[in-house]
Amino acid sequence: MNSIILRAGTRVLVSLLLLFSVYMLLRGHNEPGGGFIGGLTGATGFVLYAIACGTKDAREALRLTPETIAMGGLGIALAAALLPGLAGESFFKGLWLFLGATEGSKGLPLSTVLIFDIGVYLVVFGGTLTLVFALEEAV
Amino acid sequence: MESLLAIVVGILAASAVYLMMARSMMRFLFGLMLLSNAANLSIFVAGRLTEGAAPLIEDGAEAPAGAVANALPQALVLTAIVIGFGLFAFALVLVWRAWTTLGTLEADDMRIAEPKDPA
Amino acid sequence: MNDRAGARGNGPLGLLPAAFALLLFAGFFSLVPTISTGAFVRVSWAWAPSMGIEAAFLVDGLSLTFALLISGIGTLVLLYANTYLAGHVHWGRFALFLVAFMLAMLGLVLADDLILLFIFWELTTLTSYLLIGFSHTTEKGRRSALQALFVTGAGALAFLAGLILLGAAAGTARISEIVGMGDELRAHALYLPVLILLLAGAFTKSAQWPFHFWLPNAMAAPTPVSAFLHSATMVKAGVYLLARMHPALSGTDVWLWTLTVAGAVTAVFASVMSIRQSDLKQALAYTTLMALGTLTLFLGQDSGYAMTAFATFLIVHSLYKAALFLAVGAIDHATGTREVGLLGGLGPAMPVTALATAIAALSMAGFPPFLGFIGKELKYAGALAVASEPVLVAGAVLLANALMLAVAGIVALRPFWGPAGALPRKPREAPWQMLAGPLLLAALGALFGIYPALLQTSLVTPTVISLTGSAEEVKELKLWAGVNLPLLLSIVTYVIGVAMYIWRDALRRGLERAFARVPILDLEYDRFMAGLAGFARWVSATVQTGRLRDYLRVTFVTALAALAAGMLVAGIAPRLDFTGLVWTDAAIAAFIVVGALLAAITRVRVAAIAALGVTGIGSALIFISYGAPDVAITQLLVETLVVVLVAAALLQLPLLDAPGESDHRPADAVLAIGVGGAVTVVMLAVLATPLDRRLSTYFEAASWTEAFGRNIVNVILVDFRALDTFGEIAVVVIATLAARALLVAPRSKAEREIDVQKEAAE
Amino acid sequence: MSTFATNALLAIAWAALSGSFSLITLATGFGLGYAALWVVQPLTGRSRYFGRVFAWIRLIVMFLYELFVSSFSVALDVLTPQHRSRPAIIDMPLDVKTDAGLLLVTNLISLTPGTLSLDVSEDRKTLRVHAMFADDPEGLRRQLKSGMEAWVIDAVEA
Amino acid sequence: MSWILALPIAIPFATAVLAFLLRHRPVGRLISIGGAALLLGATLVLLAEVVEHGVIAAQMGGWSAPFGITLVADRLSAAMALITAIIALTVSVFAVGELGEEAESLGYHALFQVLIAGVTGAFLTGDLFNLYVWFEVMLIASFGLLVMGGSPAQIDGGVKYVALNLISTVMFLTGIGILYGMTGTLNLADLASATDTVDQGLLTVVAMMFMVAFGVKAAVFPLFFWLPASYHTPAFATSAVFAGLLTKVGVYALIRMFTLVFDNDQAFTHTILLWVAALTMVVGVLGAAAQSDMRRILSFHIVSQIGYMVMGLALMTPLALIGAVFYLLHHIVVKANLFLIAGVADRITGGTELSRIGGLYATAPLLALLFLIPAFSLAGFPPLSGFWAKYILVRAALEVEAWVLAAVALAVGLLTIYSMTKIWAGAFWSPHPDGRDPSLAQLAPATRAASVWPIATLAVVTVLIGLFPQPFYAFSEAAASDLLDPTAYITAVLGAPT
Amino acid sequence: MSEIIAGILILSGGIFAVIGGVGIIRMPDVLIRMHAATKIGTLSTGLILAGTAVVLADGHTIAIVVAIIIFLLLTAPIGAHMIGRAAVLTGVPLYEPDHTEAED
Amino acid sequence: MTPELFLSRTLEVGFALVLLTIALALYRLVRGPSLPDRVVALDMMTVALVAFCGLAAIRFRVTAFLDVAAVLALVGFLATVALARFAERRKIRQQEET
Ligand code: NA
Ligand code: NA
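Residue numbers (the numbering used here), protein chains in the order written: chain A, 1 to 139; chain B, 1 to 119; chain C, 1 to 762; chain D, 1 to 158; chain E, 1 to 498; chain F, 1 to 104; chain G, 1 to 98.
Any given hint could turn out to be false.
When the alpha-carbon atoms are kept at most 30 Å apart in a straight line, the in silico DSS-like pairs for lysine-lysine are as follows [what the hints assert, rightly or not]:
no., chain 1, residue 1, chain 2, residue 2
1, D, K97, A, K56
2, C, K140, C, K426
3, E, K422, B, K116
Derived from the structure by calculation, the hints contain no laboratory data. On a predicted model such as this, the values are computed, not experimentally measured, just so you know.
Use the sequences and the hints to build the structure in full.
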């Protein structure tokens with residue numbers, strides 16, 4: 001796409017979309033959002049990138065191939081699901097760690113559930129981009 | 001609204017079915033979109049409708065203050081939407097590939113695997 | 001196929017199968033003293049006790065007779081085959097199949113369990129299929145094998161049903177128990193179905209008219225196979241079954257008349273057919289049919305004469321028929337032909353073969369002092385003992401015997417002592433392995449003819465005991481029983497038989513004319529198979545049209561029919577309830593509907609995409625209005641991505657429907673409205689009932705307190721029902737990988753060819 | 001706009017979205033923004049460090065003013081029976097250099113009803129604008145140049 | 001407990017991830033085979049556990065049923081998982097011999113493993129919506145495998161396969177929504193009791209909806225079109241795993257739902273199933289009789305054989321269900337094997353169209369023997385596995401005096417023989433029209449081993465079931481009694497009723 | 001007081017929205033429709049969102065509303081630019097005051 | 001009229017006006033005639049939907065709906081971009097072919 005305006009806008013928007021997608025991912029457990037929404041939003045950013053600057057640039061920016069990201073995400077989600085099993089709990093059982101918990105607040109929550117959601121994010125993100133990039137390159 | 005949505009689901013399904021039986025596979029795809037939409041709405045409405053209140057728990061509360069929308073069908077619909085997206089994307093690419101490979105989008109012309117005159 | 005001995009022999013290893021068979025024979029022979037006393041031997045293992053199936057074997061007179069015939073003739077046939085097929089590339093598998101067949105046959109006659117019996121029954125079918133198909137490179141050979149399999153297989157299915165019902169009626173699958181339950185079974189409601197089904201199995205296996213046609217065709221197999229399967233053993237399986245079931249099922253009018261009529265018709269028909277043949281093997285094949293008919297005929301009866309006649313003729317026939325088959329094989333092997341018209345003057349070149357053939361033929365023709373004579377006398381005695389229609393039965397037997405005599409002449413006289421014809425090869429005597437069988441078997445016919453008591457005590461009496469349950473009914477085997485009606489009938493037989501032999505050509509011509517109008521069942525079989533294939537093609541073409549739209553229509557019609565049937569039969573209570581309907585909701589619903597209808601109607605792709613976008617936005621509005629922000633966001637994101645994807649794919653796709661697409665598809669529209677209507681009605685009925693919300697209630701309570709999340713939907717997704725989500729992301733990964741495979745795969749050669757064609761067309 | 005500034009902006013945006021301007025959220029936002037910018041590195045061109053507060057404020061105020069005024073004028077055209085518009089496509093020379101400046105100029109022109117940025121020439125020297133009320137193309141060109149573009153250049157590039 | 005139920009799903013997923021990430025290295029295919037072997041071990045342990053302890057259940061995430069998702073294994077599902085593992089292992093070995101690096105780099109192994117995970121997931125889940133998810137996992141993986149290679153025939157078949165299966169999927173989904181709307185639950189064991197208190201007429205209507213949805217998956221008449229339209233187009237390894245497993249998941253789902261949940265109006269639903277069974281058997285076998293391509297014949301036979309399994313469900317007597325279970329287990333092995341054999345035949349004779357190939361009997365006797373075993377087993381010849389399956393079903397039909405059904409089942413057996421011998425005559429007995437002497441020696445040693453061993457293994461399984469039917473029958477008997485009296489199933493999931 | 005302000009914001013936003021809607025129907029060519037629709041639409045949405053911020057009036061809401069408005073101001077003109085460019089490039093007939101409405 | 005009542009009334013009117021706007025856009029979407037026309041209509045609907053979310057947030061006093069609006073505001077234009085680019089590329093390809 002040779003629109004200079006679009007390319008100029010893309011620069012800002014891609015960062016914003018990525019940022020926003022991570023925001024949606026991390027808040028997902030308590031507010032609307034989560035891995036799906038985050039992953040789709042993040043993917044949207046790179047879709048825009050690909051539309052504005054071509055898939056070659058977008059792939060370079062991504063460093064890893066989207067397929068690898070998606071599969072890696074699946075692996076992370078699987079690991080998050082199996083981890084509690086290793087700890088003697090049920091699979092998919094959420095294990096929680098509250099960093100810096102004090103009387104008033106629970107601190108920063110880290111959990112297998114969050115890892116799982118990150119896996120979801122990566123899968124949706126990588127999967128969507130796998131598809132869009134391949135389609136863009138094919139047509 | 002539940003009754004009305006049941007009717008809407010029916011109309012969506014009818015439109016979808018009509019589209020799916022069209023000659024062009026593109027219209028089949030559109031029908032597929034509508035049909036997924038109908039299915040999602042039917043799950044949503046089957047969980048009954050509660051106006052407004054999203055199934056969120058306020059800060060500081062242990063549970064939702066009042067009646068909130070049924071969360072389970074929402075989760076199911078969300079899952080179904082994403083699955084439907086994956087399936088639709090594949091179907092779309094398949095139809096595209098059918099066009100480049102078979103040179104047609106017409107369902108009636110797709111007779112390679114099952115030729116008209118079996119040997 | 002190369003029937004002639006090749007350059008290579010089979011070596012000493014080639015004798016192994018025969019040795020194995022001999023070992024079996026010896027084993028069975030050692031049981032003769034025990035069995036001849038009327039005792040029996042039974043061994044069994046639990047096999048499938050839950051199904052009530054035992055691996056049980058019983059040796060009594062009947063089964064021992066069969067076992068000795070099978071293993072004895074088997075030994076000779078294997079010996080014979082070793083030379084007959086010497087050096088053949090497929091000798092190994094041939095011998096394997098033949099031995100396997102022999103074992104299956106032994107299992108069949110020894111089995112003391114209905115299902116075990118069936119298993120061996122089918123194993124003989126399978127091995128004989130492979131053996132008949134030995135000449136598989138010819139269309140004819142393949143057809144013959146299939147025909148035998150198909151006909152006997154069809155019978156076997158009925159047979160299986162019959163066995164199951166018999167087992168159910170008797171309450172046991174143990175044959176030795178069942179045979180003692182004759183009175184109960186004959187009175188059982190299932191008697192008739194059981195009988196009919198078993199007879200279907202027996203008649204097809206034993207090639208009784210009208211299921212006879214496969215047997216002559218099975219002669220496509222090499223001679224040892226014909227000799228073994230189609231004279232001595234397999235075809236007798238049906239007869240064995242009838243004999244085995246005789247105590248349990250005989251004695252009714254149905255039994256009597258079915259067996260008598262089928263047997264008599266088969267016997268006469270086969271004899272007549274036999275005389276018509278110019279191929280020696282074919283002629284013998286029909287005489288086998290005749291013998292089977294006769295055996296069946298006797299099993300229809302109850303008299304001691306009939307039973308003794310059955311037992312004796314069973315053995316007689318096996319001996320001479322195997323001998324003749326093997327001899328004909330030797331002739332074929334030596335000269336390269338079996339055509340009566342070509343053969344002649346072989347006697348000086350093949351004296352031993354000629355001798356064996358002559359002895360066997362004399363037995364077959366029923367001349368004294370051979371066993372065949374005794375057999376024939378008993379046949380007449382048995383026929384005359386038939387209570388109801390002695391004249392008819394005896395007449396049929398007489399006609400058949402006379403024809404047999406004529407055939408014996410054709411086989412034994414003409415080729416050896418007739419004028420020499422134009423033979424493909426210069427004849428020479430067969431090697432010893434091929435002579436041993438015919439000679440031995442023929443000699444046994446003479447031996448037992450002269451010393452009938454040997455046979456009487458060892459096998460005939462025990463067999464009759466198996467059939468009737470006691471020794472009282474046994475009639476004595478005698479070469480000279482005085483001047484009686486059977487002897488007179490024998491003399492009449494000789495006269496007619498010799499006359500037939502002399503005027504055989506005239507007879508043959510006359511029969512040609514007479515049979516011109518009779519439908520040939522072999523051709524009817526072809527017509528049936530063609531009809532079956534045609535019907536199958538019609539069904540296939542009607543159902544599996546190859547057109548997706550037909551498939552879709554049928555699928556939707558089925559779905560609609562299923563729902564409608566459910567609604568009509570079960571009855572449901574849909575309820576419309578518009579209370580509390582907000583006008584904004586109505587407006588949103590209207591948007592969705594307009595979008596859907598527009599998408600359904602428009603022929604412009606982009607308009608359709610936009611219309612889909614509208615329904616998507618409408619759905620999102622509903623999700624927002626009814627408290628589902630997560631769903632709404634996801635829906636909108638997905639809609640956006642769908643538009644991106646479609647816009648990319650559409651770059652290469654046509655934007656309008658191909659010309660000629662009629663959008664007036666009223667039938668489709670009716671179907672679509674039907675489906676939609678059904679969905680609505682079901683939904684309305686569901687919505688009229690109360691919802692049990694305990695699951696969500698639990699989630700609301702546990703979401704924060706136990707799962708530490710305030711967004712209940714998200715907690716369900718990543719915790720309560722994380723397994724769903726896991727599967728779902730797997731769908732995403734795989735969907736995109738699958739799509740990618742389609743997108744990046746290089747185009748195949750075939751595709752490029754299509755491109756070339758397209759270009760050429762333009 | 002420099003990379004740093006973009007990053008800072010992203011950090012603030014993060015904090016805004018998180019709803020708490022605590023140090024932790026700002027730091028997190030900065031980190032995440034950094035990551036995001038790192039990802040889009042291939043796109044990032046040179047830009048300058050210091051924004052001008054005054055120029056920015058002027059830009060925003062003038063923009064909002066323009067937005068309202070021209071919205072009303074378009075609305076008037078919508079609501080009156082006759083079409084008053086005299087649409088034309090005019091080319092306007094561009095002086096703005098940076099991506100951010102270019103984006104601001106074109107977006108602001110597009111956002112104000114009555115004008116729409118159609119395209120920028122490959123050499124970034126010319127902006128093609130569709131104008132609804134182009135009775136006086138030259139005047140319009142001058143107006144845009146001395147208005148929007150000048151304010152943007154002041155705010156971003158000066 | 002939790003481990004052993006989760007592993008049959010987790011192992012193929014982990015294998016998929018690893019095999020994909022290492023797809024450009026030779027170790028990728030070894031991972032796939034190794035994963036399948038691990039799966040086999042896990043499912044063996046699972047089956048042993050189930051045989052020892054009865055129905056076992058595990059609550060995912062530790063959320064008690066019916067709130068979380070329960071994995072549950074009774075005898076039927078454990079056995080199905082085991083057979084799945086057997087097929088996975090044999091086919092993944094076979095695939096090494098058949099598929100090239102291109103397919104591997106496109107992620108063949110990942111797709112294959114995820115397919116397997118979807119299948120085991122469907123067998124082991126105790127939750128209706130989760131079943132839908134596994135169906136989708138399986139379906140999308142099958143889409144990818146089906147069209148991988150992208151030949152025109154594959155694309156054509158793929159379009160039909162995808163179109164019809166997607167409709168079924170949406171129907172299933174809608175059905176779930178409606179059932180949830182009636183009962184408020186998704187847990188199968190919970191549904192079993194929850195459905196007792198709802199409007200029974202409406203429940204029957206919903207049952208019909210599920211019947212159609214699963215009917216498409218199971219490929220019953222008149223919903224089977226997608227199967228003969230596509231199964232002859234992909235790689236043989238793919239055909240084999242499809243033929244063995246995919247429709248069986250539909251049958252499994254039918255059995256599960258129509259014994260556990262939709263058992264309210266058997267006079268109506270199961271009578272319809274009876275008709276469906278008979279027509280499926282007949283139309284399928286006639287379709288096969290009309291074909292002249294090896295794989296197309298085999299494809300239609302899948303349809304026909306599904307009829308037998310549905311027949312067992314339709315009769316719904318203990319013996320009939322035993323037959324259905326036995327048939328299900330036996331058929332997976334046999335049908336997959338026949339497709340593998342077709343694959344080898346294709347490679348050494350140059351095709352599967354019977355008029356254009358031949359000569360295998362003369363020069364490839366091992367293959368001939370290996371074909372005869374599953375072929376005659378399929379036709380119900382004793383003493384092979386298929387005989388027992390058919391015997392039990394026919395007996396079950398005769399037991400309840402369903403004469404016509406029994407006759408149909410038997411006659412279809414005869415027609416099955418007819419088409420098996422058609423293959424035999426065409427590909428094995430008749431000489432090759434080009435005068436070729438096809439032989440296994442044409443294959444490279446590694447390929448030959450990778451092709452023959454899986455086939456031989458499956459053939460041995462077929463023969464073993466045939467020769468030693470007792471343990472399999474006894475097992476099926478226990479499995480059928482689990483199905484007829486789901487108390488143990490429900491207790492294992494929901495705990496003992498208070 | 002805040003209710004009144006919010007109400008006015010909502011009302012004016014709604015009115016602008018409808019004017020945009022009418023514009024999209026009434027205006028003679030696609031570019032002019034865009035002037036009317038997309039941008040008046042943006043303004044109207046901004047007004048309504050401002051109303052939302054006024055009503056809910058917590059920091060979180062305000063932050064989000066600001067974010068949404070920024071997002072809109074960033075994306076809407078880019079979208080408009082793309083459409084306009086496409087319309088010109090694909091040769092969609094444009095309105096000339098002396099001619100009648102053009103359609104393709 | 002209390003301020004609360006005023007707000008709730010204006011809210012109703014606001015919903016009506018926004019929905020009316022969507023309806024008007026729908027009309028343009030149906031009519032076309034050109035692809036850019038339809039895209040304009042879709043774009044307008046998207047923006048109106050953002051407004052709708054804002055109104056819903058007020059009506060139900062749930063900020064969560066603003067999250068929907070935020071996503072839509074950020075992502076919605078992508079469909080517009082994609083479609084517009086499609087129109088352009090399609091045209092360019094046609095020109096290349098002829
Ligand atoms: Na129930
Ligand atoms: Na052939």
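inquiry  = To test your reading of the hints: which numbers does this structure violate?
reply    = The structure conflicts with no hint, since it agrees with every one listed earlier.
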